[in-house]
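Make a model of the complete structure from these sequences and hints.
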Amino acid sequence: MTIILSISLVAELMEYLIPIPVAASIYGLILMLLGLVTKVIPLHKVEEAADFLVEVMPILFVPPTVGIMASVEELQELLAPLCVISVVSTVLVMVVTGRVSQRIIRKDNAAMSGKETGYVPQSRKSAKPYED
Amino acid sequence: MKEILTQSVFFGIAISLLCYECGMWVKKRTNLAIANPLLIAVLLIVAFLLLFDIDYEVYENGAKYISFFLTPATVSLAVPLYRKLSLLRRYPKAILGGIGAGVLTAMVSIFMMSIVFGLSHEQYVTLLPKSITTAIGMGISDKMGGIVTITVVAISITGIMGNIIAEALCRIFKIEEPVSRGLAIGTGSHAMGTAKAMEMGEIEGAMSSLSIVVAGIMTVVSVSVFANFI
Chain A
13 MTIILSISLV AELMEYLIPI PVAASIYGLI LMLLGLVTKV IPLHKVEEAA
63 DFLVEVMPIL FVPPTVGIMA SVEELQELLA PLCVISVVST VLVMVVTGRV
113 SQRIIRKDNA AMSGKETGYV PQSRKSAKPY ED
Chain B
1138 MKEILTQSVF FGIAISLLCY ECGMWVKKRT NLAIANPLLI AVLLIVAFLL
1188 LFDIDYEVYE NGAKYISFFL TPATVSLAVP LYRKLSLLRR YPKAILGGIG
1238 AGVLTAMVSI FMMSIVFGLS HEQYVTLLPK SITTAIGMGI SDKMGGIVTI
1288 TVVAISITGI MGNIIAEALC RIFKIEEPVS RGLAIGTGSH AMGTAKAMEM
1338 GEIEGAMSSL SIVVAGIMTV VSVSVFANFI
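Heads up: the sequence lines are chains A and B, in that order.
For what it's worth, the working numbering labels the leading residue of the first sequence as 13, then goes sequentially.
For what it's worth, the working numbering labels the leading residue of the second sequence as 1138, then goes sequentially.
No lab work stands behind these hints: they were computed from the structure.
A portion of the hints provided could be inaccurate.
[Claimed, not checked] Here are some chain A residues pointing at chain B (derived, C-beta under 7 Å): (1) Ser18; (2) Ser83; (3) Gln88.
[To be verified] Here are the simulated DSS-like cross-link-like pairs (lysine-lysine), alpha carbons at most 30 Å apart as the crow flies: (4) A/Lys119 / B/Lys1221; (5) B/Lys1201 / A/Lys57; (6) B/Lys1221 / B/Lys1311; (7) A/Lys57 / B/Lys1221.
[To be verified] Some chain B residues near chain A, calculated using beta-carbon distances under 8 Å: (8) Phe1148; (9) Ala1172; (10) Met1275.
Heads up, the beta-carbon is just placed ideally off N, CA and C, and yes, glycines get one too.
Here you go:
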């Protein structure tokens, strides 16, 4: 917890000092990742606190979202575009991400066919029923 | 009585936790994607505050101590990402290419639709980070001058929808590789969609949770460019 809070502090400082619009939490995330990758921060020292914070994270969004009470007018104005944009762009993002990465994977597999790639393409049987 | 209760900083904290518990309970009971604990909690709290005529500021007075943990929690997202880094090394091109294409699609599609709807800069940047995880999206919206609370609502709607349509969408558009399915779901609908990806399979779940943070970071960079367009 000490490490996480210290990184948060450094991150806030960076947000203040670096003149680009990036939130402190992003600096912190990248610092933490760099620390872990370079082994400066041992995983076992932060693991427990980090897992806890990630697990309870949705609760942390409650207060800022209740703030919607103060923005009802803005929300009403934006509601129709918000819904349309959410639906359309979510579908587009999923399809593009899926298709592009699938194309790359299959191309790589074709290029490396015969060699041991450690990956077996698993085209799912499309007859697979819903699981839920 | 009301004054004593609401003046305590524990009022905002307790009501937040209690209402979230209710949300979790409903979610567990119904197992519906639409029964999102966050949205249920927010609806309950807003209803409660309105019913008893309590100002948002009074609630915020205590609740802000909960939000205090947002930065440390976002920093902690590095840990699950670190654990998944070996996956990134196995399919670097597919992962970075796929997520990059997805993030770009989000930016361009939101930009174009914002023009169609004639949105203001404030409204536009409010919606730009809507596909990524709330922790990172809130930061972006705030930094760019968006309305953070509406960003959270848009992110939640996206997540719930992604969770519901993911499976059908993969089938219709023949996204068959488990890796690609996971990437698509995580990039399109962050953590709420990832719950569905985990049901679909282990690879899907792992890829989806990797995508949450990678897409989040890529979005931070892209938004700083795209935000200037409106």
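Here is how each hint holds up against the structure:
1. Ser18: violated (10 Å)
2. Ser83: holds (5 Å)
3. Gln88: Cβ of A/Gln88 sits 11 Å from chain B, so the hint is violated.
4. A/Lys119 / B/Lys1221: holds (23 Å)
5. B/Lys1201 / A/Lys57: It holds: about 27 Å lies between the C-alpha atoms, which stays within 30 Å.
6. B/Lys1221 / B/Lys1311: holds (26 Å)
7. A/Lys57 / B/Lys1221: OK: A/Lys57 and B/Lys1221 at ~18 Å, within 30 Å.
8. Phe1148: Violated - the Cβ of B/Phe1148 stays beyond 8 Å from chain A, reaching only about 12 Å at its closest.
9. Ala1172: violated (13 Å)
10. Met1275: Status holds, d = 7 Å.
In terms of the numbered hints stated before, the structure departs from hints 1, 3, 8 and 9, listed from lowest to highest.
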